[in-house]
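Participant: The chain contents come next:
Number of protein chains: 2
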Amino acid sequence: MKNFTFYSPTKIIFGKGTEDEVGRQTKKYGKKILLHYGGGSIKKTGLYDKVMKSLRQEGIDVIELGGVKPNPRLSLVREGIDICRKKNIDFILIVGGGSVIDSAKAIAAGAPYKGDVWDFFSDNKPEIESAIPLGVVLTIPAAGSEVSPDMVVTKEEGWFKKAGGGDPLRSKFSIMNPELTFTLSAGQTVTGVSDILAHIYERYFSQVTNTELVDRLAEATMKTVINNTRLVLKDLKDYDARAEIMWAGSIAHNDLLATGKTGDWASHMIEHELSAIYDIAHGDGLSIIFPAWMKYVYRENVERFAQFAERVWDVDPGSNGMESAALEGIARMEAYYRETGLPTRLSDLDIGGDRLEEMAEKCAGKDTLGNFKKLGRDDVLEIYKLALK
Amino acid sequence: MKNFTFYSPTKIIFGKGTEDEVGRQTKKYGKKILLHYGGGSIKKTGLYDKVMKSLRQEGIDVIELGGVKPNPRLSLVREGIDICRKKNIDFILIVGGGSVIDSAKAIAAGAPYKGDVWDFFSDNKPEIESAIPLGVVLTIPAAGSEVSPDMVVTKEEGWFKKAGGGDPLRSKFSIMNPELTFTLSAGQTVTGVSDILAHIYERYFSQVTNTELVDRLAEATMKTVINNTRLVLKDLKDYDARAEIMWAGSIAHNDLLATGKTGDWASHMIEHELSAIYDIAHGDGLSIIFPAWMKYVYRENVERFAQFAERVWDVDPGSNGMESAALEGIARMEAYYRETGLPTRLSDLDIGGDRLEEMAEKCAGKDTLGNFKKLGRDDVLEIYKLALK
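Keeping their order, the protein sequence lines are chains W and R. Heads up, the first sequence is in the numbering used here, so the first residue is 1 and it goes up one at a time. Heads up, the second sequence is in the numbering used here, so the first residue is 1 and it goes up one at a time.
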């Protein structure tokens, strides 16, 4: 086990009807707030009205900025920063999923910063020293951004999708009502699940040894997500199954499952190039990239992949040796993805091979990626090729 | 799953040499601090000198109050409150285990409070609205007090051992170096382990259904503690095994494992009467009370005890039916306690049956205890009798 710091101060308010708490919670931090949301689905579901009512009851002054798209764009972030500066916004309330939260984080970091907000996504990022405080009403369990200090934003000029973050961007509270996820379609749900599982894989596949507790906690979380996704696909309004996935989505990304380990975020980076160019859902990209990444790297630590196969996918460890078990685990994961309707090849999304080299270059042209196995440009290209069809 | 709030803002700084961070961390919160510790073992091990050096380097003014005993006493708490008020202490640094942390929490709550600090342990507790901020350098993994808002203090007049707590008592940081636990004897180690396991049981044995994630996380934590205790008993300086136990001790009690559930703290209460009167270690009391409690209550939910047996103690679920599996799980837990040297009967500590009625009356004379099964005075007496020999 390695030395670590663990800090996850976000207050989680979880369960039925908890969105009615939003006014009371918000009032602790701000009187004049920016309400940030996405494409307007919250107006159709009635959530917008509930939130506004709760905020009004506490006498909170609300300025709205909707219109966040998946893979949130820098241009809207700049618009939000302008509003916050001009209107002296003291709190940002997010109603939405990871894209809206990430967009809000960039606004929160950018508003008090004297330089350009894109600096926080550059190779030599300055530290984020202060930010407008944030609160979340979560509608999509996937990104884990409701508990993380991280953000990912896409700059339209050149379609650069880049990550940044810092402790001041941790949400003060996250209100999580599983009922708010009942309206997610099967497809939206499993795309989120793919992201949740990816967050766990990225921490689980580490070369650091003697991490029994954190391994077991990760395996527990993966098993739960796998089981409960099957239940939700049978009944999209299964409260308990929705609740398991929603809470697991936060546990997957609050960094508990990374404590004492070195994670490997290569797959996330490899996927980012894909969703930046083709504007596909991040989770769909991950369910394509992960099987390919696993097939490419498993020989670096067959034992770990065999443990994954045995404890998460119920592969009999004694059958045909460790390598066979490792491969069977990856195969079962792929089969599970297909069973739930997730894509596992680029061809499933009608993406061809014509821009693989460009993506590999953008992704790993300058530096190697990852820790489980260090990946250069050519390795990344091989992974894209394995993902092709 | 039930609605819940989860809030665990303590920053964990974990690993080798992390005690050298204490000055830098403390300086964020205070310049004139109370250093609170126990019987002086930290002076023998050299930890005291290291901490003082780190504090001095940051120019922090230190006033000392040592002498905390296991089952910390109200009289020392009162002394600490006096010092804090007279010297305008702005931070309390704890170097020690659960007893020292709990003593410090009572001081932290009592100093700014206008009434008597024992109010916070009474049946009609006022809310703790403010407290002197706290930081911890942990030396004993057991109580989980380094991440919890709770405290337990013993009032010498009448030997009342009572619990209290509130969010302002959560430590700002907890520095956890597993090497600092190398000097704990086998006996001290397993007493701590008994406390850690008890914190998990108290959350695991719940009648709330559909709690798959939290159940699995609890099982993961129990398995890890059980496995790594065996390793530590073979080699008291096994860093990785010590680290697993230390981190598990915090996970067991930061309330993650209670999310969505109703816990049952009856066993803790039943034990408190024991350690208040006989001044035994809390963990030793728990390894005696828990098997008795389990035997008395398992019929309330045989399925849950069968799951515990199967997933934690590797009992074959198919062998002889659920009740048999449940009982076999309890038997294996008891055998494990005996294997590690923990007492499992009052007679192991030469405690006889003469004060059982008095304890049952103090514990449940007014109100019933627990949730898994509601326990009245007579139930508690039966549990004490089951624990006798």
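Honestly, the hints are just simulated from the structure, not real lab data. Mixed in with the good hints there might be a few duds.
Which residues of chain R face chain W? A few of them, derived with a C-beta cut under 8 angstroms, are [stated by the list, open to error]:
#1 N3
#2 F4
#3 K11
#4 E212
#5 L217
#6 E219
#7 A248
#8 Y296
#9 D367
#10 N371
All C-beta atoms, glycine included, are put in the ideal place defined by N, C-alpha and C.
Participant: At a threshold of 8 angstroms, is the proposed contact between E219/R and chain W supported by beta-carbon distances?
Facilitator: 7 angstroms, holds
Participant: Min Cβ distance, A248/R to chain W: is it shorter than 8 angstroms?
Facilitator: OK, holds: A248/R within 8 angstroms of chain W, min 5 angstroms.
Participant: Classify the hint on E212/R as holds or violated, based on whether any CB of chain W lies nearer than 8 angstroms to its CB.
Facilitator: 5 angstroms, holds
Participant: For the hint on K11/R, just tell me whether its beta-carbon gets within less than 8 angstroms of chain W.
Facilitator: 4 angstroms, holds
Participant: Checking hints one by one. Is F4/R an interface residue toward chain W, by the C-beta closer than 8 angstroms rule?
Facilitator: 5 angstroms, holds
Participant: Using the nearest Cβ pair, does N3/R come within less than 8 angstroms of chain W?
Facilitator: 3 angstroms, holds
Participant: Hint validation: D367/R versus chain W, beta carbon distance must be below 8 angstroms. Holds or violated?
Facilitator: 27 angstroms, violated
Participant: Close enough to count: is the Cβ of Y296/R nearer than 8 angstroms to one in chain W?
Facilitator: 29 angstroms, violated
Participant: Is the interface hint for L217/R satisfied, with its Cβ closer than 8 angstroms to some Cβ of chain W?
Facilitator: 5 angstroms, holds
Participant: Would the hint on N371/R stand, with a C-beta cut-off of 8 angstroms toward chain W?
Facilitator: Not OK, violated: N371/R not within 8 angstroms of chain W, min 18 angstroms.
Of the numbered hints stated above, those contradicted by the structure are hints 8, 9, 10, listed in ascending order.
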